[in-house]
Amino acid sequence: MTRVAPTRDVARGLLAVTLGLVGQLSGLGLLATSAWLITTSSLRPPILTLSVAIAAVRLLALLRGLGRYGERLAGHDLALRLLARLRVWAYRRLETVVPGGLGAGTTGDVLSRVVGDVDGAQDLVVRAGVPLMTGIATAAAAVALSGLLLADTWPVLGAGLLLAGVAVPLLARRAGRHAAEALAAERGRLAGTMVETIDGAADVVAFGATRQALAALDRGEARLAGALRRSAAVAGAATGLATLVSGTTTAAVVALGVEALGRGAGGGHVSAVAVAVLGFVSLAAFDAVGALPDVFSRLDAAVSSARRVQGLGALVPPVADPPAPRPLPPADPALALERVSVSYAPEGPAALESVDLSLAPGEAVAIVGPSGAGKTTLALLLLRFVECASGRLSLGGVDVRELSADEVRSRIAWAPQDPHVFATTVAANLRLARPAATDAELVAVLEALGLGAWLAGLPKGLSSELGERGLSVSGGERQRIGLARALLADRPVMVLDEPTAHLDEHAEALVRDAVRSYAEGRTLVWITHRLAGLEEFDQVVVLDGGRVVEHGPAPLLARRAGPYAELLASTPSRLAVPSRA
Amino acid sequence: MSVAYGAGGAGAAGGDSAEGASAGRRPRTRRAPVDPRLWRRVVPVRLWLAWSVAVGLGLTGCLVAQALFLADLLARLFRQPVVGLHGVLVDLVGLVAATLVRSLLLSLGATAGAGAANRVRGQLRRDALGAVLGRGPVWLAGQRSGELAVTLGRGLDALDAYVADYLPRLVLAGLAPLVLLGVIGALDWVSLLVLVAALGVVPVFMVLVGKLTEERVARRWSALGALGAHFLDTVQGLPVLRAYGRARRQEAQIAAVTDDLRRTTLAVLREAFLSALVLETLAAVGTALVAVPLALRLIDGHMTLAPALTVLILTPEVFLPLRRASADFHSATEGLSALDRVFEVLGDDDSTLPVAGGAALPVAGGAALSGAEGAAPSRPRADRVHEDGGGAPGSLRGPLVVSGLCVQYPDRERRALDGVDLLVAPGERVAVVGASGAGKSSLLGALLGLVPASAGSIALGGLVQGDADPEAWRSCFAYLPQRPWLSSASLRDNLRLGEEEAPDAAVEDARLAEVLSLADLAGLVARLPEGLDTPLDEGGARLSAGERQRVGLARAMRRTAATVVLLDEPTSHLDASSEERVVASLDRWLGGRILVVASHRPRLLELADRVVTLDGGRLVARTRPVTPRGRQSGEGAAGRSVRVQVAP
Ligand SMILES: Nc1ncnc2c1ncn2[C@@H]1O[C@H](COP(=O)(O)OP(=O)(O)OP(=O)(O)O)[C@@H](O)[C@H]1O
Ligand SMILES: Nc1ncnc2c1ncn2[C@@H]1O[C@H](COP(=O)(O)OP(=O)(O)OP(=O)(O)O)[C@@H](O)[C@H]1O
Ligand SMILES: [Mg+2]
Ligand SMILES: [Mg+2]
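Chains as they are written, first to last, in my numbering: chain A, 174 to 754; chain B, 3 to 650.
It should be emphasised that the hints constitute simulated quantities derived from the structure, not laboratory data.
Where is the CB? At the ideal position from N, CA and C, for every residue including glycine.
One or more hints might be untrue.
A short list of chain A residues far from chain B (calculated; beta carbon distances all over 12 Å) [what the hints assert, rightly or not]:
(1) G452
(2) G706
(3) E709
To give an idea of the chain B side of the interface with chain A (calculated C-beta under 8 Å), a few residues [as the list claims (entries may be wrong)]:
(4) D235
(5) L243
(6) S405
(7) V509
Stretch-level coverage of chain B by chain A, calculated; a stretch enters the list once three of its residues show a Cβ under 8 Å from a Cβ in chain A [claimed, not checked]:
(8) 48-57
(9) 110-124
(10) 153-161
(11) 224-231
(12) 266-279
(13) 285-295
(14) 307-314
Full structure from sequences and hints, please.
Here it is as structure tokens:
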């Protein structure tokens, strides 16, 4: 999109146009020569005078097909190469803006841009660019030929061709542009609706909202249908108009010829041949430009598709890298927040406000606080997925804004609150955190987290495919797959966002122990609502409303009458419910 | 492209499980140019075909007229060069008139084509999405949502070209050559013979190339689906990939998948264009073959000029519709390949649900929802639900009886539920505990009818689940899934999921405010920039996890007609004090409703009359209430004898 087309692509484009020209001009030549041949024959000349024409007819017949074939192949080859690059470009853009930068856009819409619109943009080359150029060139050749045959006719033919090939398409374009844009946008919207509905199928069905979902689809469909109808009406009118112009012009050209004959210009029968040939040349020329109204309407669809793809370029990454990132400070993973505030919208409420926090290397810190307090936001901040609105976050004493965000992330292992499970094998799902991990290591981590029995129950062990979006694993299993990644990653800082929310107390204790032993010598940030076992942490930070309201070792906080003690008090006493009978 | 997620992702490019399987299953029986399944399901297609035949005949007629007028005109010039304009006026007027009619027919055809495409696409898309919803989460877990989205989205969009352009062209390709050959034959039978010989080769070639292309188009289609699936999965998982520095690697993956697509596409095109090449060459050679003998016979004097010219004008037109149809063949078959997949989703191929153990769960949607009357076929059963419920529609009162319930997921050796027996009295509250993976969510899903049971039965108030209309059955339940799904719509729309349009907006807002405060979200609306109308962004990304959970809970508590409440870990993401408030309001809200809650949280267990433990899919019941519930109403105390009416 943004780059200049390499010279090879230009060469491919030229090849396509050249071959297209060969095809079109052969077609023109074929008709003209045949007409000449037949009309001349009716004058019964000696057969020898026709032999060149007969040979030409045969040669042109072959050239025509071959030229078209070559043009199509070369054009599509070029288009497909551009597409492949466009898709990668689009992905590269997305990579910098997800999470957080998509705003109100949906991944379904993005999907339709990358799959549908990128495909649509190929029409720019094959159905618009190449036919446009060959059409124009053929029309020019026809006009020149008509001028040679009968000087009076070329302005008429030229005007007709301009009308049918340029004016009508341009008019259609003006009338249809809006519909073409709406078409692409509606398709994207519908794709978004569908991806969302498919994602939420279980909830939609459970709530009896099937009809509602289908009604939403119908509304989108109705808008799409309107757009399609409008753009088809415009395209149809344009085609009809162009056909009309073509017929009328041919009639006019022939009429001019008839008149010239009547005036006695030229000499007798030879001119009658010229008139016949003229008629055929006119037909062939309109055949070449006849595709142009369609070209223009496709051009619009393709352009709006291309625009939608390009629109991805306008997304703003929530966190931008500095132009010249400083090298990462060596082996000092100390993280420090100084009066950091974060808000998700420029004018919106602060999700974190003036937070001071220091995470010394090797320290284990638990973050607690009511739901919505900003705990996950803090994790995203450390991972450089959200930017500080004010204040300073530093890694090893260096402001993270001077570092490459990817490099900061390379120091941190993260278990998200709602980990994504990819539609691939168990092993591949884990190895994305450490590609070099051996099978034995993977099994060891899973067993440490209490997933040994689950793994044993899978049909192909580590090579079992996990269904998409973690639909075929239980909530607790999914969370521990996310946790296993963090443990495998072998990074100096671990940020774990409610890794035990879906576990019973027994499994929670097991997981906490496993994490504590893996985290030996690493910085550990453990976000939780469960207060059990927090005594083992060096520090407990209580967040509320985006502020740190209390921090210190758990036993100390428990004794003090403060927010932590309140949280503790509202936690019901443990009940003796055995997790296993 | 060799590492980590990449390694698995590469499967998507080649033989991804879902695509591979479906490509294998795909019946290769399509021979008819118009898919009979399309014909059967979408009735307007027939009308459209009839219309296309009429327009096609009209267009061909115009062509013949044009040719006759032009040829006649030119021939006149040779007989008498100085005719002057008035001498050829009839021909000129005829020529223009024929063109006028032709252009009118062309514009009309385009508009009508769009209309037909709209109807076909609209109906198929609606049916297909209904079927996807009806097939349930277990089936969906085995699908790639990106591939489904591409099929239902772009695939059906590609059908527009098939219906609007290709079908009429196909009709024309069948009609026009016959008509034109008839005319040519009447004028000059030698030319007819030449053309018939040239055309005779065409069908043979078309079949050969078409079959090849069809295979390849199907391959290309699955490559496109794979790209969609891979892309969507990757984008949804981007946060994880970026956190582990794997996002860049996915570039190579995307490049590989898209390059695969490019190669399969080019292979398709090469063959499609080859068929076009053959036809074009035939057309051109046909013209040459017709022209040269015509010329020779003109010289001999065996032929007059007017018919010769007519034949010459009409000859390329004999081939034109065929050429057009074959040039569009590949883009049309793209729509057709998507159609194959759509019919697979719709179950029109009688492909059974890929669920082991079969069909305990009647499939909603699809056929049932596609008819104009909605769920008309199951209406009698739905009525039964209402009768038994007595009064409030959609509510079935009475005990919830589960007996011998088994759930077997595809590809899993062990059953997720293995012979579960459970009797819940009206008004009783049961907590289900058990280790992660014990089958708690599966149990709730089965009760709701989302997860198909491979054996056993579930009955509510005497009505067996299998006998009930699924939608009516589910309307008796209020459900909070473990990971509630929120859409990018507004908070209001999210809360009102499944509700018909409210008559009074103010009353409705008050109701929503009430359930929000029940779910401890009283402050949320005030905090959101546009209050209830604030869009929540995809997946509810604008909220924290605990807020999402509480919105899910509020949504469940809005279902006041429900008699059974199923909550899957409703407080797992809440802090203790919020949990306390939520549980307290839940206690009040529940009233005499049955509660089945999966949880480990002590506070929630206090709410229950009875705690049952699941272990490896088997139930270990505890009859003793965990704590006295402190409710005085005699209803639903544990251990109370209940009359169980299980329908035969
Ligand atoms: N993308 C977003 N856009 C706008 N607001 C957001 C966004 N994400 C979170 N918020 C808001 O920011 C606040 C903090 O959210 P955060 O997810 O950090 O809470 P949390 O402490 O992790 O809560 P929980 O315990 O429920 O997970 C919440 O009020 C939430 O509504
Ligand atoms: N669609 C599926 N396909 C295959 N296996 C599945 C599917 N859904 C669940 N399972 C498996 O069935 C078992 C039971 O899952 P379920 O979700 O019922 O557990 P759970 O008790 O709710 O666990 P948790 O407490 O972790 O949520 C798990 O081992 C899970 O991996
Ligand atoms: Mg959180
Ligand atoms: Mg569960």
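Against which earlier hints does the structure fall short, listed by number upward? 1, 6, 7, 8
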